[in-house]
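Q: Listed here are the chains, written in short residue letters.
Protein chains: 4
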Amino acid sequence: MQPYGKAFGLWRKAALTDNDGLWDAYTRHQFVEALRDGTLPLASFLHYLVQDYVFLVHFSRAYALAVVKSETLDEMKVASATVNALVNIEMQHHVTVCASHGIDEKTLFNAVEESANLAYTRYVLDAGYSGDLVDLLAALAPCVLGYGEIGTRLAQQTSANNPYTEWIETYASDDYQYVCKEMGELLDSALERRIGSDFQASPRWQRLTDRFITATRLEVGFWDMSLKPNHKVA
Amino acid sequence: MQPYGKAFGLWRKAALTDNDGLWDAYTRHQFVEALRDGTLPLASFLHYLVQDYVFLVHFSRAYALAVVKSETLDEMKVASATVNALVNIEMQHHVTVCASHGIDEKTLFNAVEESANLAYTRYVLDAGYSGDLVDLLAALAPCVLGYGEIGTRLAQQTSANNPYTEWIETYASDDYQYVCKEMGELLDSALERRIGSDFQASPRWQRLTDRFITATRLEVGFWDMSLKPNHKVA
Amino acid sequence: MQPYGKAFGLWRKAALTDNDGLWDAYTRHQFVEALRDGTLPLASFLHYLVQDYVFLVHFSRAYALAVVKSETLDEMKVASATVNALVNIEMQHHVTVCASHGIDEKTLFNAVEESANLAYTRYVLDAGYSGDLVDLLAALAPCVLGYGEIGTRLAQQTSANNPYTEWIETYASDDYQYVCKEMGELLDSALERRIGSDFQASPRWQRLTDRFITATRLEVGFWDMSLKPNHKVA
Amino acid sequence: MQPYGKAFGLWRKAALTDNDGLWDAYTRHQFVEALRDGTLPLASFLHYLVQDYVFLVHFSRAYALAVVKSETLDEMKVASATVNALVNIEMQHHVTVCASHGIDEKTLFNAVEESANLAYTRYVLDAGYSGDLVDLLAALAPCVLGYGEIGTRLAQQTSANNPYTEWIETYASDDYQYVCKEMGELLDSALERRIGSDFQASPRWQRLTDRFITATRLEVGFWDMSLKPNHKVA
Chain A
12 MQPYGKAFGL
22 WRKAALTDND
32 GLWDAYTRHQ
42 FVEALRDGTL
52 PLASFLHYLV
62 QDYVFLVHFS
72 RAYALAVVKS
82 ETLDEMKVAS
92 ATVNALVNIE
102 MQHHVTVCAS
112 HGIDEKTLFN
122 AVEESANLAY
132 TRYVLDAGYS
142 GDLVDLLAAL
152 APCVLGYGEI
162 GTRLAQQTSA
172 NNPYTEWIET
182 YASDDYQYVC
192 KEMGELLDSA
202 LERRIGSDFQ
212 ASPRWQRLTD
222 RFITATRLEV
232 GFWDMSLKPN
242 HKVA
Chain B
12 MQPYGKAFGL
22 WRKAALTDND
32 GLWDAYTRHQ
42 FVEALRDGTL
52 PLASFLHYLV
62 QDYVFLVHFS
72 RAYALAVVKS
82 ETLDEMKVAS
92 ATVNALVNIE
102 MQHHVTVCAS
112 HGIDEKTLFN
122 AVEESANLAY
132 TRYVLDAGYS
142 GDLVDLLAAL
152 APCVLGYGEI
162 GTRLAQQTSA
172 NNPYTEWIET
182 YASDDYQYVC
192 KEMGELLDSA
202 LERRIGSDFQ
212 ASPRWQRLTD
222 RFITATRLEV
232 GFWDMSLKPN
242 HKVA
Chain C
12 MQPYGKAFGL
22 WRKAALTDND
32 GLWDAYTRHQ
42 FVEALRDGTL
52 PLASFLHYLV
62 QDYVFLVHFS
72 RAYALAVVKS
82 ETLDEMKVAS
92 ATVNALVNIE
102 MQHHVTVCAS
112 HGIDEKTLFN
122 AVEESANLAY
132 TRYVLDAGYS
142 GDLVDLLAAL
152 APCVLGYGEI
162 GTRLAQQTSA
172 NNPYTEWIET
182 YASDDYQYVC
192 KEMGELLDSA
202 LERRIGSDFQ
212 ASPRWQRLTD
222 RFITATRLEV
232 GFWDMSLKPN
242 HKVA
Chain D
12 MQPYGKAFGL
22 WRKAALTDND
32 GLWDAYTRHQ
42 FVEALRDGTL
52 PLASFLHYLV
62 QDYVFLVHFS
72 RAYALAVVKS
82 ETLDEMKVAS
92 ATVNALVNIE
102 MQHHVTVCAS
112 HGIDEKTLFN
122 AVEESANLAY
132 TRYVLDAGYS
142 GDLVDLLAAL
152 APCVLGYGEI
162 GTRLAQQTSA
172 NNPYTEWIET
182 YASDDYQYVC
192 KEMGELLDSA
202 LERRIGSDFQ
212 ASPRWQRLTD
222 RFITATRLEV
232 GFWDMSLKPN
242 HKVA
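Residue numbers (this note's numbering), protein chains in the order written: chain A, 12 to 245; chain B, 12 to 245; chain C, 12 to 245; chain D, 12 to 245.
Treat the hints with caution; some may be incorrect.
It does not matter which identical chain is used: a pair holds within one copy or between any two.
What the hints assert, rightly or not - DSS-like cross-link-like pairs, simulated, lysine-lysine; straight-line CA separation at most 30 Å:
id	residue 1	residue 2
1	K24	K192
2	K192	K88
3	K17	K239
4	K17	K117
5	K239	K192
6	K88	K24
7	K17	K192
8	K117	K24
9	K239	K117
Everything labelled a hint here was simulated from the structure, so no lab data went into it.
Modelling step: build the complete structure from the supplied sequences, incorporating the hints.
A: As structure tokens, then:
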């Protein structure tokens with residue numbers, strides 16, 4: 012069902028069934044559904060794009076931290092490739108779309124970061140600094156893989172003249188899905204290396220699940236923020 | 012006027028006059044004034060104490076990071092002493108007061124951390140991880156020194172039968188004021204060592220000021236959160 | 012037999028029996044035996060004290076990193092107390108002894124760090140940065156606990172007029188042995204929390220053992236360096 | 012004269028004239044001259060290649076840390092590109108050459124790291140963890156830019172039938188020289204951003220120079236180690 016590996020399947024289920032449908036609150040958020048049916052106001056979309064660009068700066072820093080915390084060659088290679096994918100697929104998509112609306116890259120980089128945005132990326136970074144690679148990956152996973160799931164579903168449900176088709180196709184694309192597939196495999200192999208193949212039985216498992224849940228909550232907060240173009244900044 | 016050194020004086024002024032009175036929005040917040048005149052609802056105070064305990068866990072981690080990032084013996088000594096002061100003056104005060112209201116220490120340590128709380132401490136930690144000691148100190152300063160200023164003022168303005176006298180006296184105490192004085196001196200000496208005595212002229216100065224401003228904004232968000240005992244958690 | 016807990020007992024045994032007597036190469040090194048029988052040249056001892064002071068600066072930074080990486084209140088408390096013990100028991104002992112030989116504290120702090128010294132502390136720090144708390148503790152353990160074992164044995168075997176009695180008594184003292192006992196308990200509880208009570212069965216166990224072994228090798232290198240007062244610096 | 016920017020020119024000069032010709036001790040080391048004239052024993056070369064591969068693993072981790080510590084988009088882009096260059100130009104060259112001598116990549120990745128090797132990379136990593144981006148870059152520079160200088164000189168002085176031509180051409184290549192040029196520009200711009208254009212006048216300058224000098228000393232130690240195929244490991 013979930014094409015992104017065993018750990019993601021378990022965490023996704025925990026976020027869905029043990030936390031009052033939190034996974035749906037994130038992946039089927041009002042903002043996402045308005046992207047799907049094309050009714051999202053452009054102001055909200057641009058507000059989102061600018062904040063998401065700042066998000067990606069710090070999220071890319073967090074992925075670079077995964078290279079620092081790698082123990083194997085395969086871990087280093089996947090993490091490095093993902094940093095590249097973030098910069099080249101995701102950030103460049105933002106730059107292109109924003110440029111078409113008169114917002115240049117320096118403006119994007121220097122946009123004032125809202126509190127819900129800051130909370131999310133700094134939580135992910137500290138998960139990495141304070142723990143090991145799997146603590147970091149558990150906090151990175153909801154964004155990478157949730158967007159993969161959203162992209163896949165919206166590509167199936169959207170209509171031809173949806174103004175947000177390009178956004179949807181970015182995350183539904185083979186390139187992005189490949190990143191997700193590699194991330195899922197990295198998650199499983201990093202967990203097996205550090206905890207063993209029966210990783211759900213580890214005393215760490217609940218805390219790793221909590222990291223995934225907290226990051227998913229912060230995703231919901233990010234969509235909430237994105238809907239409000241005049242939200243008070245912090 | 013400000014007894015906590017030169018850098019703090021400059022940053023405090025920037026927060027007050029260049030940012031629409033942000034410093035007063037923090038140090039004269041509705042929550043603070045309700046502590047001063049004793050009208051703060053107990054539920055708000057306990058909500059604050061529990062969240063502030065979790066805050067202090069991560070704030071102490073950030074201060075321990077200052078030991079890791081010290082370059083001189085004096086920097087190490089002051090940072091180590093402040094970690095101790097946080098644990099022994101501040102955290103123990105919370106434990107005692109909470110215990111008198113039936114909340115034990117394990118409950119405090121494991122309380123669900125709200126988003127405004129998490130945003131603040133993780134921002135401070137990442138300031139340290141991504142920069143050097145002065146980046147970290149600029150983000151730590153508004154909390155340590157702002158509470159010193161609040162404690163001093165409230166001790167002068169409160170009345171004898173205020174139920175929050177113990178809280179006020181904690182931050183007005185000679186012990187806490189000594190921590191503030193040492194922090195102010197550490198700030199100035201760390202800046203001089205890394206940037207020079209004319210540190211306001213450095214290209215880094217505006218970015219360090221921005222760190223102080225962002226942390227002050229996150230303090231305002233913390234008081235806002237504290238006023239709402241049923242605030243949605245994240 | 013070993014009073015410092017289960018994990019230390021297992022790692023000590025691995026260092027002794029699976030690595031050609033490495034544990035004895037460290038704890039019964041020529042330098043240690045010359046301290047025991049009082050034949051160590053004063054020049055070697057002073058050379059050691061100066062390098063060990065610089066070692067303790069960075070080792071204290073590494074212990075402060077353990078506070079940053081703690082997940083429980085008990086972990087934070089023990090790590091904070093140990094930072095204090097390092098600064099107050101160990102570093103101050105060095106300062107006093109060196110002062111009696113005309114070497115002041117600023118000189119100690121700024122001494123040129125030799126390569127074998129630098130290799131050790133930076134390895135320990137990176138074990139913490141790249142892994143989680145138990146990676147860091149496995150690299151910290153050989154120094155803290157090995158000195159505890161050396162101190163205990165030498166106090167039993169030394170004679171009354173040994174010029175190195177004060178050094179021996181520092182590590183044989185109840186205060187230092189208490190630090191060792193707490194470190195041993197912290198090790199076991201941190202391992203149980205993250206890996207489970209059967210921690211030897213974890214896929215991480217061999218890599219954690221490797222960290223302990225590498226740090227023990229670096230201890231041998233430190234004694235080798237200490238014997239040579241005119242060793243080329245790096 | 013030095014094509015890699017202003018800061019490198021100043022640091023190179025300090026290493027050459029203020030430290031007893033240290034820069035030449037590194038870039039004209041007996042190992043380098045034996046590469047130049049083709050007299051280096053193959054056993055030494057292979058010993059070097061294996062250790063250098065392990066070096067590059069941790070050096071790549073350190074460059075990934077530069078992404079984590081970047082403050083601007085340009086800093087992120089150059090640091091990311093350099094991580095790629097390390098993995099794709101340098102590490103792959105090692106893999107190819109070692110494979111032709113029967114040493115596979117997993118063997119390379121898991122080779123026992125010698126003490127002189129470990130000392131160097133962990134020093135660089137801790138320079139980054141404890142300081143800011145310019146502390147890290149000062150410790151990274153001697154390796155990246157020294158190899159660029161060695162490659163350029165050896166390409167001019169070597170003869171056609173030198174068995175080490177491929178190694179020489181790797182570092183003399185336009186691709187590698189481009190990495191060096193970008194690194195030199197990154198150094199200068201990162202210093203200007205944090206310290207100002209007159210960065211030599213800063214109180215930090217001497218300490219940054221010390222980082223460059225220490226890393227250069229550790230390069231000399233690396234060549235010394237490489238000459239001894241049966242060097243005791245740590």
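Q: If you test the structure against every hint from before, which numbers come out violated?
A: 3 and 5
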